[in-house]
Amino acid sequence: MRALCWHGKQDIRCDTVPDPRIEHPRDAIIRVTSCAICGSDLHLYDGFMPGMESGDIMGHEFMGVVEEVGPENKALKKGDRIVVPFTIICGECDQCRRGNFSVCERSNRNKSLADKVFGHTTAGLFGYTHLTGGYAGGQAEYVRVPFADRTHVKVPENVTDEQVLFLGDIFPTGWQAAVQCDIQPTDTVAIWGCGPVGQFAIRSAVLLGAKQVVAIDTVPERLAMARAGGATTIDFMAESVVERLNELTGGKGPEKCIDAVGMEAHATATLDSLYDRAKQAVMLETDRPHVLREMMYVCRPAGTLSIPGVYGGLLDKIPFGMAMNKGLTFRMGQTHVNRWTDDLLRRIGQGQIDPSFVITHTVGLERGPEMYKTFRDKQDNCIKVVLKP
Amino acid sequence: MARRRNTPPEALAQGLGWFSIGLGLAELLAPHAVARNLGLRGNERLLATYGARELVTGIGILAARDPEPWIWGRVAGDALDIGTLATGLDGADDRRGGAGIAMVAVLGATVLDLLCASDLRARRQARAALPDYSRRSGLPRPPEAMRGAARDFEVPADMRTPEALRPWTSAA
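Sequences listed follow chains L and P, in order.
Per this note's numbering, the first sequence starts with residue 1, numbered consecutively.
Per this note's numbering, the second sequence starts with residue 1, numbered consecutively.
Take the hints with a grain of salt, since some may be wrong.
[Claimed, not checked] To give an idea of the chain L side of the interface with chain P (calculated C-beta under 10 Å), a few residues:
1. H120
2. T270
3. K279
4. G351
Source of the hints: derived by calculation from the structure; they are not laboratory data.
For glycine and all other residues, C-beta sits at the position ideal for the given N, C-alpha and C.
All chains should be built: construct the whole structure from the sequences, respecting the hints.
So, in structure tokens, the structure goes:
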């Protein structure tokens, strides 16, 4: 089969690789009908995440049709149409029973490695380093889904791939980011980053009833899409984020702040951004946490910071004293996808939201390597790429 | 969609910014050594001034909201450098060879500066012709009409704001 494989920094190739096969009785093999490139794939593409090996199959946003199931998998049958969450879940461990699916205790087959690095393991993830299991990803014609009897979302035939594909990651990720804010009708929610997760966070915050949603980015087409979703926008290259947020909140700052940027914040005209760039250049820092610092500074005391943006390692000059004294609440983590998908699928079915709005490019799998670059460099007004194997 | 090179102009601009800072520091902190190697003895003060210029330009490129004007500034600086180095080539100084090598390097840097500046300009012009994403709300009605449409959702207990931090009216 064909698959997009990682071969090193900024080196993704469409290779021919062996077809996957059932390895465990709970597995399923699916034929991928649609998959997408996620913003967090770019951290692998840019070489910021350790633990990748040459030949690893990329991709954790995908859906398709069940081709084969293991003998113990009674939940699925051949022909079922499913979206696959990016977090692999056993559905039985203590964390899964609590709904904390992204920290499933059993699905990471490299648990001992993750235990050493993180203290305790997190869930296995598709196509996302050997630290999270080294599972083959979904930017391929076929995928083996481990624990498939629990790691799936069945979708009806009357919705298109484009409407439900993002249930596997970015929609529930944006939704969880907003849910973690426990939005009140009086709240201003400020969202850094108008990439796909930011776009879904904007719509989620609007649907959950925020008084005002403010979105921060500098890419004009992303800001335009944010405004379409109901956000007031701030171009961080053209105006001061802090001043403008204070202006929009009567000088008090937003109650809720969402970081939909993560570890690769772009350099802005601020000293801390230059500092991060310099430290990263000499390998003294892994992440560029400008957005985190700015959120901590501008957030209203007793406010909440919600962090769906991916961070990878060690962050420097985090003003934690400021956060402590302001009494900020931090909520973060990978998304507990299955916790939200039933509800979100219902909302899609009811027409409350159509997630396909975010797709700007649809191409064949073989054009995946070039689309990584297009997406990373925000060329051709690219916001979200869907690949058709 | 097709682009001429693999490096995005912003990344190239960043590289040129760091290069400017490095060169600027060398000229500012060791003007005598630089002058000796380039056959420009007697021009140490001028070289230190150029160093300050490089330093300011480098910081400008890295810190500016839009690096394009600063890259054009580098192009202007390149012209000055070429003129100054030409005097080194004319002289009888036994380090004339150094000036020749430096001239080639500056010409190379000038080409990079010009490519970067023209790419940044092209990017700016391309962005000016935006696709229309103003209808891509994903919502069936205008956002204002959809505000609160999902208020039937109950935030799970583990994600609710701690009671002590909730607005007094809702905590009461």
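query: Which numbered hints are broken by the structure, listed smallest first?
result: 1 and 3
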